[in-house]
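> As a plain string of letters, each chain reads:
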Amino acid sequence: MKNWPRRYLGCLVINMTWKPKIIAFTCWCSSSGVDQAGFEGFKYPPNVLTIRVPCSAVVNPSLVVKALEEGADAVLLTACKPTELRRIAPSRITEARVSLLRRLLKTVGVEEERVRILWISSNEGGVFSREVSKIVSEVEKLGPLNLRRRMLEQT
Amino acid sequence: MLSIKSENLRIILEDLASKNALIAPVERNGYFEFSRLRKAEEIRLDYTNARIPPKRFFLPERQLVFKYDPKKGVTEEPEDDFKAVLFGVRPCDASALSVLDSILLKPPYRDPFYENRRKSIIVISLSCTKPLEECFCNVFETGPVRGFGEDLTLTPMDKIFAVEVRTPRGLALVEEFRKLFAEADGRLLEEHENLTRRLVGEMNNKIRVDKEKLVRLEKEADEAFFQGNAQRCIECSICSFTCPLCYCFESEDCLEKNSYARFRGWDTCISPSFTRMASGLDPRASKADRLLHRFCHKLSRIPLAFNAYGCIGCGRCVSLCPVGIDIREVLRKWG
Amino acid sequence: MSKPEEELRTLAKSLLEKGVVETVIGYEASESSVRPCFASNPSETERLVWNRECRLNLARYLRGFKNKRVGIVAKGCDGRAIVELIKENQVDRKDIVVIAVECSGVYKPVKYGYPSPERRLTEYCERCLTRVSPIKDYLVKSDGNVSERNPPGGDGGHLDWMSLFKKCLRCMACVKSCPLCYCTECSIEGFKPALIHRINAPEELLTFHLVRALHMAGRCVECGACESSCPVEIPLTTLYHELNEWFRENYDYVPGMSLEPPPPLVFKEGEKLGEYAFNKK
Amino acid sequence: MGLNPYVPTPVRIIRVKDETLDTKTITVAPRPFQDFTPGQFAMVTFYGVGEAPFSICSPPSDANLQFSIRKMGSVTSAIHEASEGDEIGVRGPYGRGWPLKEMEGKSILLVGGGIGLAPLRPLVLHLLENKNNYGEIAVCYGARSPSLLMYRDEFEEWIRRGVDLHLTVDVGEEGWKGNVGVVTTILDKPKLNRADTIVCTCGPPVMIRFVLKKLVELGYSKENIYASLESKMRCGVGKCGHCHFGSKHVCLDGPVFKYSEMLELPRGISPF
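Protein chains in written order, with the numbering used here: chain A, -4 to 150; chain B, 55 to 389; chain C, 4 to 284; chain D, 256 to 527.
Be aware that a few hints might be false.
Straight-line C-alpha distance at most 30 Å; calculated DSS-like pairs for lysine-lysine [unchecked claim]:
| hint | chain 1 | residue 1 | chain 2 | residue 2 |
| --- | --- | --- | --- | --- |
| 1 | B | Lys121 | B | Lys160 |
| 2 | D | Lys477 | B | Lys273 |
| 3 | B | Lys387 | C | Lys16 |
Calculated directly from the structure, the hints in this document are not laboratory data.
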């Protein structure tokens, strides 16, 4: 049987004893920053899974919601710093979207800290590893999200 | 006919609830609905009717059909033990179950999931003493006192319930708690009869239907009437989802961990994708046709095939339709 | 028949007689409540009514009347929806004759299996920003008292949304009754693979509602059409109001109030985006 | 599995053959059911994607099962991507096939259009195998272009075994010497006793409409005309309601309908 195209982002999340699972959507520029973290030997927690996207502004907030539903404990968007960017608008859009999404999540009772935006330039591998470690420990404190189970349980 | 005192009924309900085998009407979030209960106190015996019909216990919104594992092959997961007593169903909704029986269990193919659930759930109906404004069960004779399809019929009199045993399964339940029931005396029987007469008389809608006339609906349908309603219709599926008799289902394959699963769940003939084929062809492309199909199916095709109406007059679709499409109008015009 | 009703009928009749419009979309009485009415000849205007049961947003039907001149009976929120539709290039202002009626709020619907049929204003009407449509060609004055709106402020935080969503049957009545959900293919189904399954699974309901909320953010005119048609009474407008509050706080933008300011975070082709500089040198 | 009619039996694809540009014929084995009538259909599942109805296009005498599948939606696309050895699910046979009883002793005209030849192929092969029971067999078949003719490589064999085959295409291609035009233009070619011929037709709804009209004009008896109609199906056993039109379920009472039954069907599904 062929591998039928994987339907869910959640398939990428491996189930093990609980450690925060974090999905990071990295834009092209910042993903080279993430790569650089690897080259230069900066350590960052292995439970961050990066998905490279052309620009942070193409990340539809629906996908962030879907990632959370499918089992991610937090979603991280790394974007170019607005001040360093030739085109400012995309990062501003991302920023606005994330802010809106956080408001929405807060309203429905999901901790807003689970959706983050991180400004990473292409040469900031060190910053990335430092910030991500911080985020992982913060998410660890928040505990597992388990949105699906929460939706199933409440009657 | 038997009778049972209210306090004795409580004892039975509490016993069932403690076994986690009681589904009864409760008020949740501002409306009545059926729910599996742990404590019998929550039951609202004064309820009007549940907004979501009890069909969801027999035909769930989403149900696993089978699982397929490329390594192990097809596996059918046995359903969890669903043994329960569905208490307090209105006679109209109970009648819907008997119509569903004739459709879904029609040979040669019997729907195994429905049959399974039907076997494991005992239905106790509770006569309707305060019919709602939208109700028209008297039209199809599915209420308000007794319907068909239930195992026991309870009719509330003062402080006492008249109990009518309808099936052997109902009798078995009565036998289990035999001490709590009493034989009904002549006075009770008389009272019961009076109540029945009064309740049927109280239903204030003046709809009369003639089956012979109604089955011609399909041919004699007034185009303008259905076009007018179609213009209003917003194609939400409230009417089908809240209909105790709508049984159409959709199936869908999903990917689960290392296996594929097929689920089935409610579908609605009002949706434009209901008959649209992959090639884009749609034999029922217009909204008016879909509405006509819905009404014809209920009012002329099921009567033709099964000697029962496909509508039981609960009035859910009438009340819940956001744009006021009213099956009673159809009945008045063609009934 | 109340005075505004009479005025409304006369107005609709004259519009149809003069041939200004082909159809007037309004409300007519049904057996238990009111329902939409499409009057296309003058005699049909006798059916038009106006009362506190007129909940459905008629702007929802405008997309079915492309390139036809229609008159529409509009409450304040219906008018806001029309404004949004014009802004989003869904309808042409020239094609619509807005018959604005002064609205003093609509009643919460009495639905099947409702324990206490106590008639009161809906929550979203108590938050109403405009009792009269922001765009209008004709105005029908109401004799009811037009109360002041309550101070704005989100209050969606205190509800247990998860258990509210859990009841959802996903009948899509909220989508189908919404004047602004005009997409021919809903994005929730349009993604490949789809974001949620076709068959309602309780664990996916949160995603469905959050995605819909995100799509309504900054567009929702809080007409309550979704909420009043919902068979399980999820107070969706409260959720969307919460997001609209975000737009008001951050951009001082309220959807549907006027045709003028373009919606924030929407850029037209060729427009210079703030500090956007595209310099090839 | 037993009594559950909704669960397909896993079978393996043993052969995939390209029929036309967008159509493949897959052969699956083992056949999960004993007997069937030509014209019946089966529900084919591609696990994880979905299920769709396909008419069986191999004769009942064949130990394997064949389906001709045109790439249309998600299930058909998935099957097109499948290769030999893959497992798919089949359940069936469902519906009412061609009226073999009525055909006995009579001559038979089959009219197909495009992929509509698929449900007719088992009938052709079945009739040829039992030639003594039936009269003359004629086939009129049309497709949009010569390259879209199904079962092209079998035609010679059919003719050799006595089928009066007439082909037509809507648009000719280089090297095409046959008739150009829609299938109704060749309906008068087979020389049969029109009053006593059973006609079976299958194809797109528009084609069926015009073929039926033409057949009646040509003097074929309405009593003897049958057509196979298509509709969306989910369960195949008359429960899900998707193929419920008028008082008929296409999956139970069809897909083969008599002329008189088609008159009763509501507009849309009815070819008239």
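> All hints are to be evaluated individually against the structure, with a verdict given for each.
Against the structure, the hints come out as follows:
1. B:Lys121 with B:Lys160: holds, 26 Å
2. D:Lys477 with B:Lys273: holds, 22 Å
3. B:Lys387 with C:Lys16: With Cα atoms ~28 Å apart, lysine 387 of chain B and lysine 16 of chain C stay inside 30 Å; holds.
In summary, the structure agrees with every hint in the numbered list given earlier.
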